[in-house]
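Trainee: Heads up: the protein sequence lines correspond to chains A and B, in order. Count along the first sequence starting at 1, add 102, and that's the number in our numbering. Count along the second sequence starting at 1, add 438, and that's the number in our numbering.
By construction, these hints were calculated from the structure, which means they are not laboratory data. Take the hints with a grain of salt, since some may be wrong.
[Claimed, not checked] Rough simulated footprint, nothing fancy, chain A against chain B, three-plus residues with beta-carbon under 8 angstroms:
#, segment
1, 462 to 468
2, 560 to 573
3, 731 to 740
In this text the structure is predicted, and so the values were computed from the model without any measurement. Where is the CB? At the ideal position from N, CA and C, for every residue including glycine.
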Amino acid sequence: MVDPNLLIGLSMLTTGLVLGAIFALTAAGVTIVYGCIWLPNAASGQFFLLAPLVAWSLSTAMGWSPILAVAAVLIAGLPFAYLLERLLIRRFYDVPDRNIAYFVVTLGITQILSGVFSITWGQWSDQYNIPPLAEGVVFIGPFPLPANRLIALVGALALLGALFVGLRYHRFGRALRAVFQNREAAALRGVDVQRIYLGAFLLGTSVIFAGGLLYAMAYSFDLSVAWSMGITAFAIMIVGGPGSVLGALVVGMLFGFVQAAVSVFASPTAATLSYLLAMLVILLLRPSGLFAR
Amino acid sequence: MNRMRASKDMWLWISGAALVIGLALATAGNRFAAFIIGIVFLNVLWTAGMNLLYGYTGLVSMMTAGVAGIGAYGTVKLFLDYGWSFWFAVPVSAVGAAAVGVILGLPALRLRGFYFVLSSLVIQVALTLVFIYFPQFTNGDTGITQIPRPGLWLPGFGAVDLTGPGFEIILGLLALAGVAVVYMIIRSRMGAFIIAIREDDLLAEELGIDVTRYKVMVFFISSLLMAVGGAFYAVYTGFISPRSFDVLMSMNIWLMVAFGGRGTIAGPIIGSAILVPIPFLLQELYQIKDIFYGSLIILVTVAMPAGVYGTILKWWRVRRQKQNTAVAPVAIKRMPAE
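With the rest of the complex left out, here is chain A (with noise of 0.2 angstroms):
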């Protein structure tokens, strides 16, 4: 029989990874939207929130099978996010310090849907959880590991990894890139800037809506997963500096280990309130990041 401490280690070790897995690649979904168009969504926890509501209702209210529930609710969240799009970020595409008002806006966001969570959702339940994938643990050598949170895991770094493939190498995520380093210069060089635009924000948002799937198919949760995580992906973006992946990638996994440890000592609010020192602390001494492009 295998030592407990042990096992807690491992289990830490394993709920880490998969945090920090899901962590980072919603960090990466916030962070790419800030660096191209400078536009900090305050909203991304909510968004963060509402794709799982949205499956959860599909899977257990109509009866969906998970994997469609998933699939049809990353399908919607694009004409979602090509409407938020054209009815509201492009107006201030021009605006010098857009990204306070884009601040203000998403804060607005922020309070619309928390409004509208408290009173739909949150009036139906108030503990949310979609349907297991797989049944089962695995063992990954000595690690244990539920099935269903491996399907987590694995779909997050794939998503991670094609992020950073698609970015390197792509000709939509080069000419991302170019538009993240000079606008301008990117303009002269013939690469639409209002498409790129619309691209980098369909494209977060998707990531962002993918790491609530993610989580909520490794996690039940509830409507405070919103704050917290908006705060978390916030401070990751920050911390590693906005507008690098890397750096989302980086700070996403620490964050995440952090959370797991902190999660069997003390509270998850004490990871919360450290995560926002970190911000603080980096805004103060570096605001531009660990990982400044």
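Got chain A sorted already, so can you dock chain B onto it with the hints?
Mentor: Below, chain B alone, put in the same frame as chain A:
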């Protein structure tokens, strides 16, 4: 400031005071209406502070509610647990809260634009967590209930019980005083400096204005107004909890300033007067308050950046300009004849 303007100002303040007292007395019979008026007065005080910060200096601070909370908790602690007189506890805790606000905000004030907004938001969230997780000062999430209203001793009247319209009158005069403070700052040299900082802080620095010093001064003064408002909110409603001073409140105060018209004296007053009563009047639909305010935030940012009063002012200026240009040719014709 010339003498004519000074006397005009004086009449403005006197009529303001008359209006405030009149409103408080008119609603004295109806406790519900009187309560709404009282909360409007408190918000006028808060928005005056936010207006100085955001409207005139261009600092979007999201930690205003936290500072108000420190003022409120500090006053209640001194008033209830240490037995201080309320009227002595308010200035002490207000100065304390403003000092804490400046100490917390000082590093952030060096940051520009979005990074300041984000830092202030982070500080606000941290303050809310502090309010929740230090129950020995705040009674945690449950909040502090049944805070008694203080009495007042007035020369000539003796001890006055502040349960009737008396308290609304005090809140109204306090709000008026807050607006007057902002007004006087704007009319002074400092006002010119902070508006220069709002318009272009790099240029202001080049012109020899000590930008950080003025930002800190503005931050301190507006924090004072916030904290005094928080203290009076506590005894007026009799109940405070971490939820009373969370980030939503910071956003709502910002919204009232932006909606009414930032950088104008009348704008935030109009904003408070319109937006504060709405959730009270929507009682059945109280739950959609967040949705309503959130939509309004987006609407104001997208469609009406100048706010209600700013838009009216602009319209009025355009109209007057049109009239002037219509009159001008006549005046020119007349000139040679004279």
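Trainee: Work down the list of hints and note, for each, if the structure agrees.
Mentor: Cross-check of the supplied hints:
With 0 residues having a Cβ less than 8 angstroms from any Cβ of chain A, the segment 462 to 468 of chain B misses the three-residue criterion, and the hint is violated. Beta-carbon proximity to chain A at under 8 angstroms applies to 6 residues in the segment 560 to 573 of chain B; the threshold of 3 is reached and the given coverage holds. Coverage of the segment 731 to 740 of chain B by chain A holds. Counting CB-CB distances below 8 angstroms, 8 residues qualify, and the rule asks for three or more.
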